[in-house]
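S.K.: Make a model of the complete structure from these sequences and hints.
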Amino acid sequence: MTILSIKNLSKTYQSGSRKLTVLDQVNFDINSGETIAIVGPSGSGKTTLLGLCAGLDSSSTGSVVLNGKALESLSEDQRAAVRSQDVGFIFQNFQLLPTLTALENVMVPLELKKRKDARAKAMELLEKVGLKDRATHYPTQLSGGEQQRVSIARAFANEPKILFADEPTGNLDTETGEMIEKLIFDLNTEKGTTLVLVTHDLELAGKTQRIIHIKGGKIQEDANA
Amino acid sequence: MQMPDFGWIVKMAFRDFRKNISRLLLFVSSIVVGIAALVAISSFGENLTQDIDNQAKELLGADLVLENSKPIGDQPIDSIATQTASEVNFASMVAFPQTGASRLTQVRALEGAFPFYGFLETIPAEGDADFRSGGKKALVEKTLMAQFNAEVGDLIKIGEVEFEIAGELQKVPGQTGITATVAPAVYIPLEYLEETGLVQYGSRVEYNRYFQFTEGTDVEALIEPYNEQWEIDRVDADTVEDRKRSTGRSFGNLSNFLSLVAFIALLLGCVGVASAVNVFVKEKLASVAVLRCLGVSSRDVLYIYLFEIKIMGLVGAILGAFLGTLLQFVLPAVFADFLPVEVTVGVSWLSVGFGIITGLFVSVLFAMLPLLKVRNVSPMATLRPETADSGLLKDPLRWLVIIGILLFIWGFSFYLLKSVQLAFGFSGFVVFAFGILWAVGQLIMWAVRKFLPISLRYTLRQALANLYRPNNQTISLIATIGLGTAMISTLFFLQNQLLEEAKFADKEDQPNMLMFDIQTPQLENVKSKLTDRGLRILQDVPIVTMQLNEINGIDKQENEELSEEEDYSRWLYNREFRVTYRDTLISSETLAQGELIPTGTRGDSIFVSFAKDFAEGNNLKIGDEIEFNVQGRPIKTYIGSFRDVKFNQVSTNFLVLFPTGVLEQAPKFHVIITKTKNDRESADVQAEIVREFPNISVINLGAIVETLEDILNKISFVIQFMAFFSIATGILVLISSLIISKYQRMRESILLRTLGASSSTVRKINTMEYFFLGSLASLSGIILSFVATWLLSSFVFEMSFRPAWGAGLVLYLAITGLTIILGWLNGRRIINQPPMEILRGNG
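Sequence order for the protein chains is E and V.
Using full-length UniProt numbering, you'd call the opening residue of the first sequence number 1 and step up by one each time.
Using full-length UniProt numbering, you'd call the opening residue of the second sequence number 1 and step up by one each time.
If you're looking for bench data, these hints aren't it; they were derived computationally from the structure.
Every value quoted in this text rests on a predicted model; they were computed, and no experiment measured them.
Among the hints, erroneous ones may be present.
To be verified - Derived pair list, reagent style BS3-like, types lysine-lysine, alpha-carbon separation capped at 27 angstroms:
hint: 1; chain 1: V; residue 1: Lys310; chain 2: V; residue 2: Lys11
hint: 2; chain 1: V; residue 1: Lys621; chain 2: E; residue 2: Lys114
hint: 3; chain 1: V; residue 1: Lys19; chain 2: E; residue 2: Lys132
hint: 4; chain 1: V; residue 1: Lys11; chain 2: E; residue 2: Lys113
hint: 5; chain 1: E; residue 1: Lys116; chain 2: V; residue 2: Lys646
Said to hold, decoys possible - To give an idea of the chain E side of the interface with chain V (calculated C-beta under 10 angstroms), a few residues:
hint: 6; residue: Leu20
hint: 7; residue: Gly43
hint: 8; residue: Ala70
hint: 9; residue: Leu74
hint: 10; residue: Ser84
hint: 11; residue: Phe91
hint: 12; residue: Leu97
hint: 13; residue: Pro98
hint: 14; residue: Glu111
hint: 15; residue: His200
hint: 16; residue: Asp201
hint: 17; residue: Glu203
Stated by the list, open to error - Here chain V is said to cover these stretches of chain E; the calculated rule only asks that three of the stretch's residues, wherever they fall, bring their Cβ under 8 angstroms from a Cβ of chain V:
hint: 18; stretch: 44-53
hint: 19; stretch: 184-195
Cβ coordinates follow ideal geometry from the N, Cα and C atoms, glycine included.
M.R.: In structure tokens, the structure reads:
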């Protein structure tokens, strides 16, 4: 079953009098439960593609259908509802809310879904990522690896159908990075989530089932790993 | 659209609040002072109104006062009254024989037990009883006693009679400290008035009769049948209700004016709120993007931060209302010289509620401007942070908020001023001043960015560059400190200007001594006394008193029957005109309209000249026929011309000027104007004239300047007290913006130190930055106040503008110094902060 379908997707920016095409006629489908890596050099359009796939931004032309919903026909707030329902995120720079404790950060997606058991469920997830005893710590009191583990717990909290990860190990040392990779893939397998990973790291990309190479805004290669 | 989950919004707001409470408190600290000032003034006004109500009888001292410029004979109500008293009051010189000093005072010759309500407060306490026990005794106002070092038991000479001072007057019911300064009173027994020989032709005498009726008498109804006759006789009747109304009205105006000053402080605080929330929001943009990523709608994100602002606005408003309630306890002392009643202080819940609602409303209104930004944050900013700070100008809601702010400023000033025009004037000024200061801030930042030369010393360049660092508060500081400075310095400059103007008159070949109430037989004698001393008679002005009978054939009674649109002011018919005659204009006059007909003869048409402002204010036109009553003799005249008259010179100026050839034979008195060389000579001349001619009143410029100085000091104390709120708000905004930018300054300073800069270099950069900020803000304010003073001098006070450079420099140094000191205090902690704390983000 297709969870994400991208058709003729383009994104252009107006830079002064010049038109800058960042993505040019991109097409691909992702099936439910698949793990996929989008790789490419800096400025190739990976992050833009990720943003469009996750409904963070709107395309210039083309369509993005996420879990059966055509995102281009939705308003920003409607897209937010889709994200709350179906999407999880892991960021390179963790993006935890600095004024919330680790536990509260994980609770947010659950609370948005009005889950009564938000606290217990968040605690369970923190335990899974090995941070049960750091639940009341604020992000600034955690190391980079710990922050990313909280971020992973938060990403899985709303049991997303699809998880987007942007360079999830980019800001971490090799050892911590490997631990985080393992955690993401383990949880992904356990929950049966679709995983879309954007990375420079070909070794990490190699751990997914399929790799899309992108360059100059166009897909160069779309092959199984 | 899905309904917002308020429970979750509140929960998120509180979570965010925990980590931000100290910083959020700073946001609202800016409005605390403004709200405190508003609540204090409003509570004070409420209590004052109550007190005027409660002490209305003491204000008047009687149930009814009749007033006329002629003796008031027996009245039909005499028999109904339980008590009556009579008073004759007029301005006259009093002399202290021990020292030979003299001064113009208000003499009140009293008979009867007035005041019936309240009492004349004297030192010693039995002074009043002693004064009334008979004999030539006087009660003398304390300001006069202090001026001449007089003591109880000393003699005071009024006209031809010497009185013993029985007591020093501390307080007279219904009289304010200011009245005592302008015209200090001396009470003498009425029975000796004639003996003084002071009431002669031309003396401006007021006759009062006071009445007390049995408790519960409806005075208004009681006097109703007599009003018509009193109107005809030009007797003015003043009841407790009348006095209550007029006093209430004047203090209502005063309280509204003071509220307006407090409102300016509040507005400055609002700029502080907007500026602080702006920084807060900028720092929150990353979190907003994450929340948006997690699926929170833009509306719900806005609600989270709005809720925090509301809570803090409420805290600030409550704190302000509390402080304001405390502050009103000192207000009676501040306004002591202006209050005719004893003011009680107490909590006015109405004012407290008004303050809290206003505080909450303004903090939300002004915070909305930057807060609206969170609606437009794209979740894409989680991946590309540079996209977070999106432009706001396109957001229609932002324009709605701006319109809301303008409407609020106008509406609030209208509420206080009760005049559409004045409200537009005031809000226009506020917008203009803020606009100018904002433009100055923008211009400076642009200029620094554009023209900052690379060759400049690094520390200086860095300090200047800091003015436009991201999240800088250069503009908000220039606006708040600048406007606070502008207010204080305008008041200061204006006061200075008025005093300088008065003193300046002495330097030129301007008259500095004026003698009036000179009777015709005394004239030649007085003149020779002056010329014997080598003094020039600069002006010898004959004055004839008259009243107005008819305007264009309409007499007083007919005028009463006309509709409000058609009638002339009743005051025109009631007042006494003091008129002179000459065939030329003097230096303080210029012809504004019509033609000055220099001479007139009886039987021919007589053309008089009116002061333009007076005539226009009373709907009189060139060609109008005016019949005057000169000592019982009607004289028909026509308005031939209007004159612009400068009333602020030591000169005799007249509302009505007759041509020569008409009034020469009418009973008259004279005014002589001369110029003495110095204060010593002034004192000698004054002493001699008062000794030889006790009925002649002498005013010298020195005395005017002294009185003016005294009054201005009293007024400026009150105004400066109020302006202090603006300065305090400016300082709070400065402190809060320094603290808000602390984290950023720390990062910069640590980066510099990591790159090898010494602490002293960092300190130098910071000090210079504060110096530039303080200088720019204070200079903008001072320049603005120079412009305001120039405008006020030229168009309101009609005097030439003399900039007070010295005072400006002092203000500049004081405010810049204060900015640097506050900056240093804040900077000490920045420089001593360990770098790791910053890297961790705990700073």
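S.K.: Determine for every hint whether it applies to the structure shown.
M.R.: Now the hints, each set against the structure:
1. As the CA atoms of V:Lys310 and V:Lys11 are separated by approximately 14 angstroms, the hinted pair is consistent with the 27 angstroms bound.
2. Taken as a hint, the V:Lys621 and E:Lys114 pair is broken in the structure, with Cα atoms around 80 angstroms apart against an allowance of 27 angstroms.
3. As the CA atoms of V:Lys19 and E:Lys132 are separated by approximately 22 angstroms, the hinted pair is consistent with the 27 angstroms bound.
4. Among the hinted pairs, V:Lys11 with E:Lys113 is consistent with the structure: their alpha-carbon atoms are about 15 angstroms apart, no more than 27 angstroms.
5. Distance check on the hinted pair: E:Lys116 and V:Lys646 sit about 82 angstroms apart at the alpha-carbon level, beyond 27 angstroms; violated.
6. This hint is violated: E:Leu20 has a C-beta 14 angstroms from the nearest C-beta of chain V, more than the 10 angstroms allowed.
7. A least Cβ separation of about 12 angstroms between E:Gly43 and chain V goes past the 10 angstroms threshold, and the interface hint is therefore violated.
8. Checking E:Ala70 against chain V: minimum C-beta separation of about 18 angstroms lies over 10 angstroms; hint violated.
9. Interface restraint check: E:Leu74 against chain V, minimum CB-CB distance 12 angstroms, threshold 10 angstroms, status violated.
10. Interface hint status for E:Ser84: upheld, as the beta-carbon distance to the closest one in chain V is roughly 2 angstroms, under 10 angstroms.
11. About 6 angstroms separates the beta-carbon of E:Phe91 from the nearest beta-carbon of chain V, less than 10 angstroms, and the hint is met.
12. At its closest, the beta carbon of E:Leu97 sits 5 angstroms from a beta carbon of chain V; the interface hint therefore holds under the 10 angstroms criterion.
13. The interface hint given for E:Pro98 holds, since its Cβ lies 7 angstroms from the closest Cβ of chain V, which is under the 10 angstroms cut-off.
14. Contact between E:Glu111 and chain V, as hinted, is supported at the beta carbon level, the nearest pair being about 5 angstroms apart and thus within 10 angstroms.
15. Hint status for E:His200 relative to chain V: violated, with the closest Cβ pair at about 15 angstroms, above 10 angstroms.
16. With its C-beta approaching chain V no nearer than about 17 angstroms, E:Asp201 sits outside the 10 angstroms limit, and its interface hint is violated.
17. For E:Glu203, the interface hint is violated, since its Cβ never comes within 10 angstroms of a Cβ in chain V; the closest pair sits about 22 angstroms apart.
18. For the stretch 44-53 of chain E, the proposed coverage by chain V is satisfied: 3 residues have a C-beta within less than 8 angstroms of a C-beta in that chain, meeting the threshold of three.
19. Evaluation of the coverage hint for the stretch 184-195 of chain E: breached, as 0 residues show C-beta separations to chain V shorter than 8 angstroms, against a requirement of three.
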